[in-house]
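Place chain V on chain A using the hints.
Residue numbers (our numbering), protein chains in the order written: chain A, 1 to 420; chain V, 1 to 420.
Mixed in with the good hints, there may be bad ones.
Stated by the list, open to error - Listed next, the stretches of chain A that the computed footprint assigns to chain V, with coverage defined by at least 3 CB atoms under 8 Å from CB atoms of chain V:
| # | segment |
| --- | --- |
| 1 | 12 to 24 |
| 2 | 184 to 198 |
To be verified - Examples of chain V residues toward chain A, derived with CB under 10 Å:
| # | residue |
| --- | --- |
| 3 | 58 |
| 4 | 71 |
| 5 | 79 |
| 6 | 96 |
Said to hold, decoys possible - From the derived model, a few chain A residues whose C-beta atoms are all more than 12 Å from chain V:
| # | residue |
| --- | --- |
| 7 | 60 |
| 8 | 75 |
| 9 | 263 |
| 10 | 294 |
| 11 | 346 |
| 12 | 380 |
| 13 | 386 |
Keep in mind the hints are simulated off the structure, nothing from the lab.
Glycine residues also receive a C-beta, built at the ideal position from the N, C-alpha and C atoms.
Number of protein chains: 2
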Amino acid sequence: MGEGASRARVVILGGGFAGLEAAKALAAAPVEVTLIDRQNHHLFQPLLYQVATAALAPADVAWPIRGVLSDQRNARVLMAEAGGIDLAARRVRTTAGEFAYDFLVVATGATHAYFGHDDWAAFAPGLKRIEDATAIRRRILMAFERAELEDEAAARQALTTFVVVGGGPTGVEMAGAIADIARHALPPDFRRVDPAAARVLLIEAGPRILPAFPEALSAYAQRALTRMGVEVRTGTAVTGVDAAGVLLGGERVAAGAVVWAAGVQASPAGSWLGAAHDRAGRVEVGPDLTVPGHPEVFVVGDTAAAKTEAGRPIPGLAPAAKQMGRFAGETIAARVGGRSAPVRFRYRHQGDLATIGRKAAIVSFGRLTLTGFLGWAFWSVVHVYFLIGLRNRIAVALSWLWDYVTFGRKSRLITEPARG
Amino acid sequence: MGEGASRARVVILGGGFAGLEAAKALAAAPVEVTLIDRQNHHLFQPLLYQVATAALAPADVAWPIRGVLSDQRNARVLMAEAGGIDLAARRVRTTAGEFAYDFLVVATGATHAYFGHDDWAAFAPGLKRIEDATAIRRRILMAFERAELEDEAAARQALTTFVVVGGGPTGVEMAGAIADIARHALPPDFRRVDPAAARVLLIEAGPRILPAFPEALSAYAQRALTRMGVEVRTGTAVTGVDAAGVLLGGERVAAGAVVWAAGVQASPAGSWLGAAHDRAGRVEVGPDLTVPGHPEVFVVGDTAAAKTEAGRPIPGLAPAAKQMGRFAGETIAARVGGRSAPVRFRYRHQGDLATIGRKAAIVSFGRLTLTGFLGWAFWSVVHVYFLIGLRNRIAVALSWLWDYVTFGRKSRLITEPARG
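Just chain A, with the same shape it has in the complex (with noise of 0.2 Å):
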């Protein structure tokens, strides 16, 4: 097969897990990448939560895309917005201008949804982006500074009282952290306000947290938190944010920091292509993962509703995204090849972990359960192992050695946004 033109044109949308993963399964491939993102890093979205608890630095846990595909030939790495797909022409619609395909990879992600309540938005934000993670630390550490310059200690309570909206694996670990600062890193650097004071609450509405997980180890990880002064309040729903705090039903509590960990919503690209999606903006793709009546479509990671082979949904996991990217290029490869492709993916479910603070957390491994600090140990392995590049393996590695010795907290940084 020669050179240019005649090299089937792959686009891929999203430098994610996903969208990273369908580029690199390409690489031995006879196809001309376009990976397109409207940021120039992908980020490891399960470590984003020790970025808004300022114990890692923005840099320790995203990397320029650029560089993960700068030795992949092939791929050619553009920093743009997507705004359209014209599935008849087979274009993609970005600010950088239009590009055709042969073959393209949906893999925008998601954000976090407010049921519908968007203004909550600026008074609780989410965790998805790098500046999230720095928005949230600004607002956790600027209640600290508010409250040190207050005279009233009820003034100062409501400011040093967080409350964290959702009670999954981000959640978990959001209050675990925040209430693992307040505790154990804050309380030298103030005078006034007594950091270890501060209060921290877990708001879930259903029955229990970390709901994926099985019964006994939702349990322990409560009881973990508890232990850790966090209050976690299961079966309550939030009915409202403003800038003081929240309402729960008829109880309202102020807050000087909130953190939104509740809903999913996939990215617009999704609705783009007109096919039928769930009420979280997922399309529902065949076994393949091509939209229907769209061979040549695959929608892959967070913004595809995609099922196992029993019919349950596959759930918005890291190893689930890499799994789809990856099945997503290989499949491309194969038809590229003229080799059969496989005709159905294959979720392989790796398992569920959770960390609750720095001295916990919870695994469940198949038929693995580990709790407590072994769980911990097993987390950071994991963790360790699955970041990409070798600089920011070894650095995350000792940044976190070194926290656990030290609590000192390098990361401790209030930066204001940009003027530039």
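This is chain V only, laid out in the frame that chain A set:
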């Protein structure tokens, strides 16, 4: 001497080199220190250019002020912005209310001066705050991103032209670092743009770059920069700056990013004192760094127009700021303790140094003159030594070592202004 109200109240405005040293010099004195800064972090400004050129992350060069002073029990830190000084009533007005003082140390630093062209600031950011550095980094990296999307070679060349205005140490270091990242770090990442062909111009209005150094070292630096591909233009005045680039007399140079490293303007805190100041706004202080007629008010660091015994201006360098801050703190401690205070601040010039890319530096330390790699090694040791805090010393040392060996730039992130 008792506790509480009987202790002298020392208010320090600014947590830079001068302000922090003043606070530390008072650690053993029977005083109550209140350090007020509008940022929560102390910044190691001499390395800020490395953040702007994506070699270091913000957290590598900034430390929470609270952390630096957490063990000093007679000091409290408040995050607030000063807005005025009432000399007669001995009170400072801030966004967090008024603070009475018995001694005041003004150490609010300096910012850039655009010589009456404040409209240039939007197009040519200077390098004083973390946010300035990340804004410049974003502009430089975005210029390459935009160039990669350009079909025309001329447009790509314009976007990958970078102009640094001002041939002092900061300008020289910025120009060298931009040339370095363009030539060595970025090329594998781009397909259409050749970053190695980027133009870097260093514009200096005076007859030579680095005028504070001996002439031979200036000449060496100019040769070294030229060898790295930097176009050095001395005796050239910038007559205009806009979104498209700069005007050098009659010549228009289209540029993807312009960096301002020329003028310095003292912070407005000086003018609140109603004292005499020079054209750059620096307060004219007496030999003991106090404001004439107000022995309880010290002005130190870049805010002061202090002079050596020989009547020469004390340069705006980190060591000078630290020496002045320490002098102010020690003088206050002596006066509070009833000991005789020195009547004259004696500046000890330790030397001048500047890096030129990652291969060379020039050092002028009294009779010691170093260039090339030896200069760079000396510069590295000095800077790592002066970085505050063990953690960051190790992290920066490892980061440099790694970068030096691999040219990997972990921090090549473009982050947007945060929304929260």
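Do the hints match the structure? See the list:
Given a C-beta distance limit of less than 8 Å, the hint that chain V covers the segment 12 to 24 of chain A is violated, as 0 residues qualify and 3 are needed. Closer than 8 Å: that is the beta-carbon criterion, and the segment 184 to 198 of chain A has 5 residues meeting it against chain V, so the requirement of 3 holds. Among the interface hints, the one on residue 58 (chain V) holds; its C-beta lies about 6 Å from the nearest C-beta in chain A, closer than the 10 Å criterion. Interface restraint check for residue 71 (chain V): the shortest CB-CB distance to chain A comes to about 7 Å, inside 10 Å, so the restraint holds.
Because the smallest distance between the Cβ of residue 79 (chain V) and any Cβ of chain A comes to about 4 Å, under 10 Å, the interface hint for this residue holds. Satisfaction of the interface hint for residue 96 (chain V) is found here, the shortest Cβ-Cβ separation to chain A being roughly 4 Å, below the 10 Å cut-off. With a least beta-carbon separation of about 8 Å from chain V, residue 60 (chain A) fails to lie farther than 12 Å from that chain, contradicting its non-interface assignment. Not every CB of chain V is more than 12 Å from the CB of residue 75 (chain A) (nearest about 9 Å), against its label as outside the interface.
The claim that residue 263 (chain A) lies off the interface holds: its Cβ sits roughly 18 Å from the closest Cβ of chain V, which is beyond the 12 Å cut-off. Even its closest Cβ contact with chain V, about 27 Å, leaves residue 294 (chain A) beyond 12 Å, as expected for a residue assigned away from the interface. Annotated as non-interface, residue 346 (chain A) keeps its C-beta farther than 12 Å from every C-beta of chain V; the closest such distance is 35 Å. With a least beta-carbon separation of about 19 Å from chain V, residue 380 (chain A) lies farther than 12 Å from that chain, consistent with its non-interface assignment.
With 12 Å as the threshold on Cβ separation, the claim that residue 386 (chain A) sits away from chain V holds: the shortest Cβ distance comes to roughly 17 Å.
Hints 1, 7 and 8 from the earlier list are contradicted by this structure; the remaining hints agree with it.
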